[in-house]
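Asks: One-letter residues, chain by chain:
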Amino acid sequence: VKRVWSHRPQFSHLGLFVAAYVLGCGFAQSLAIVPGTGISVWPPSGLFIATLVLASPLSWPWWVLGGCLAELFGNVLWFHSPLPAAFLMYIGNALEAMVGAWLVNQTCRRPVRLETLREVLASLVLGAGIAPIASATVGSATLAWFGMQSQTFAAAWPLWWIGDSTGVLIVAPLALVVFQNWHGETELSAARWVEASVLGLIFLAVAALSLSGYLPFAYIIMPPLLWAAVRFEFRGAAVTLTLLALITAVFTISGASQFAGDPESQKQKQVMLQLFLAISALSALIVAAISRQHHRAVLTLRQSERSLRELVETLPTLIWCTAPDGKPIYFSQQFRDFVGFNPEGKDAAGASRLVDVLKAIIHPDDLDTVDKLFAHSLATGEPYALKHRQRRFDGQYRWIQTRAAAMRNGDGAIVQWNGVCLDIEDQVRAQDELRLAQETHLHASRAASLAELSASIAHEVNQPLAAIVTNSHACQRWLTADTPNIERAQKTVERVIRDANSAAEVISRIRALFKQSVETRNATPFGNVIAEAHDLMAEEAARRRVHIDVCIESNLPPVALDRVQIQQVLVNLVRNGMEAMDNIGGDRVLRICARQMGDAVRTEISDHGRGIESPDRIFEPFVTTKQHGMGMGLAICRSIIDSHGGRLWTEKSNPHGATFVFTLPIETEVAL
Amino acid sequence: MTAGDHVIFIVDDDERVREALGELLASHDMRTIAFASAGDYVSADKPDVPACLVLDVELPDINGLDLQKQIREGNHPPIVFITGHGDIPSSVQAIKHGAVDFLTKPFSDADLMSAIRAAIAQDREIRSERAELGVLRQRYLDLTPREREVLPLVVSGLLNKQAAAELGISEVTLQIHRRNVMQKMAAASLADLVRFAEKLQIPVTHSRRAGNT
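Residue numbers (the numbering used here), protein chains in the order written: chain A, 423 to 1094; chain B, 243 to 455.
In short, the hints are calculated from the structure, not lab data.
Worth double-checking, as some hints may not be accurate.
[Unchecked claim] From chain B, some residues computed to sit far from chain A (all C-beta separations above 10 angstroms):
no.: 1; residue: 262
no.: 2; residue: 350
no.: 3; residue: 441
[As the list claims (entries may be wrong)] Simulated restraints, written as ranges between beta carbons of each label pair:
no.: 4; chain 1: A; residue 1: 859; chain 2: B; residue 2: 364; range: 53 to 61 angstroms
no.: 5; chain 1: A; residue 1: 929; chain 2: B; residue 2: 315; range: 39 to 47 angstroms
no.: 6; chain 1: A; residue 1: 908; chain 2: B; residue 2: 443; range: 52 to 60 angstroms
no.: 7; chain 1: A; residue 1: 908; chain 2: B; residue 2: 383; range: 54 to 62 angstroms
no.: 8; chain 1: B; residue 1: 257; chain 2: A; residue 2: 1072; range: 16 to 24 angstroms
no.: 9; chain 1: B; residue 1: 315; chain 2: A; residue 2: 922; range: 41 to 49 angstroms
no.: 10; chain 1: A; residue 1: 922; chain 2: B; residue 2: 383; range: 58 to 66 angstroms
[Said to hold, decoys possible] Listing some non-contacts, in silico: residues in chain A with all C-beta distances to chain B over 10 angstroms:
no.: 11; residue: 445
no.: 12; residue: 831
no.: 13; residue: 973
Since the model is a prediction, treat every value here as computed from it, not as a measurement.
The beta carbon of each residue, even a glycine, is placed where N, CA and C say it ideally should be.
Extracted from the complex, chain A is given alone in its bound form (with noise of 0.2 angstroms):
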């Protein structure tokens, strides 16, 4: 009793609801034209359920005492019926607004806003159609009991059922407007206003036109009703048809409309007058709940639609979509962002739009590369992936990752390619210096090692060198004395010679630690020594931008070779070539041929760079035309083809440039 007391509503809003429900109750009075035929539309059964859906169950209490005295009181001013009748009526009217509120709320989700179709036919049915079961049959029996208005429980029923449900219909959904939009947070637009303005005369002048018989027929309605309904769902459905109920009363009451007839007649016309409003009611609520959720459907679409947009456009990463065929269909905000410009306002005829967004983002150099490499996955179906250059919007060329792959549809067919570029410049920019570190590195390293071993050679050779002319200068000393002592010359000539030998000992000594070892030599397929150097070579290759054209003469025999010596002396030719390159325009391609002549296999490396000056010196040591090179590279290549039992030489190139030509003969005899 405590908790009940506690939730006690204000009294302002019981209030209200008591005046509320007598004014219900006298608009049922008046609407019940012929005394005796009962009440045709029961406002307050709406009002009632409406308030208790929205008021916590344990606050019911008062609204049942607030109802019992409103009802009462209407008894008093209007029905004149006995007080237990009355009283008992109440209870069934009370029953049916806790029945239907309490179905309503355990079926749709608190606070009960009646925003989906699931939602309003489930009130609907539970509120208009098995709540009103409980005061039909509660009020018929006590009719018939009291014997009231001569009416058996039979006849009395459906009249009571009708007219309480269609109270519900007109009343509920008006009164959980007016609840829920107290406070009148909902603006409308001065659009709406005027839609709502020019729709609520044109609904007046039909229903008054119509319901006042100078139209034959009161469906007419309709039209403008469900207008009200799409367009201003709940709200509009809730006022119009508050609207076309009250319209209606006064033309029935006045006798007017075609709902108004004679005694004998009336009973049936009254039905069809409950029915008029039930249907109006019933379709424009079902209308309202469709046009909601329909509303709610879009709302939610253009959202996450948005969101999706917003997400693909703020990526950090630079996102595209073509058709089947290639042609562009969309460029993301960071797409266009980094090009500069959006490439579907690239306007040219179909399929060489294409074209024409790559010529005028692609690298000219990996031009070629894209387009094979697209137009194969555009044939295949085949994932795209790769890196090339593209022009930043301030014609910077940056490296860019390109992955793309096909949107396929059920049947498996392409719908769209999606694809995105990723900007890499910083890491190519990183790796290509980390690569260019570890070759300084290496050089560095070689040229230390080199100078170390320079230096103890130097060493073991000056230490007899000095010994040598410090005797020769004895040895001339003892020569040139007054009196020549020969014995003693004789001696340090003997040193000289003991010397100069262990000189030249040092010597041949560092060059057997030079000497090529032939132990390790094996009958091996040459194009396959071939392939692998040019695999060694390609990224180095790639970064010079230099093309490397292979051509090996098939059928070649195996050649008896050192595997690592012989690539050591492809790469240090291919390396040559493409260094020789490094300064010119045009295109830069080296060519590696192998074929047969003879007994040997013959092999050329050919550039076209600026060819060489001194074609008899370089293979010298430490001759040498680059800039920071040792000049023991070719010396060291011809030293190996040499040991081979080759020969290695240059050629000019046609028209400019140097090939490199060397021949390993082929030994017939080697055991495999």
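Once you've looked at the hints, dock chain B against the given chain A.
Replies: Structure of chain B alone, referenced to chain A:
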């Protein structure tokens, strides 16, 4: 200059170089003693005659430049460096620390001989100075304690009277001591005595003017 009156020390780890140097210097009528390492040189008994040290920079035990630093304090002969690969910093360091020359192998006869001759001349000079100083020291040691007290006062320029007052003896006694000092130190004049005192590093403790005040 004869073979007996000076000697050349050779320190080089390479036997061929030691041999060749010995031969060349022999042809110049010079006596040589060769060592294979710095340690051998330091520990050997060496004749006390004018000498020169021909030192290789690269030695098996310690670097020739380090040896130069180690023996700087003692009485060692001037050094002529020889090296297989001389770099500028080493040569600068060697010369700064008093080396006569820094020769890169192979070197010419003329360069080596002029360096060695210069070194020996330098050593002869040092030796004669050192010998003179030894004689002076001996004479100084022969003085009586009283005479050793008189010497600084005299070379400081004090009058006999002042010096006598300083020592608390009569002027006549002081004059006797002074005559003995001059005689024992073999000084022909007061100027000679002053020069000897300077070489012996006898401090000038008084001045005539300071004594007056």
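Asks: Mind listing which of the numbered hints don't hold for this structure, in increasing order?
Replies: 1, 2 and 8
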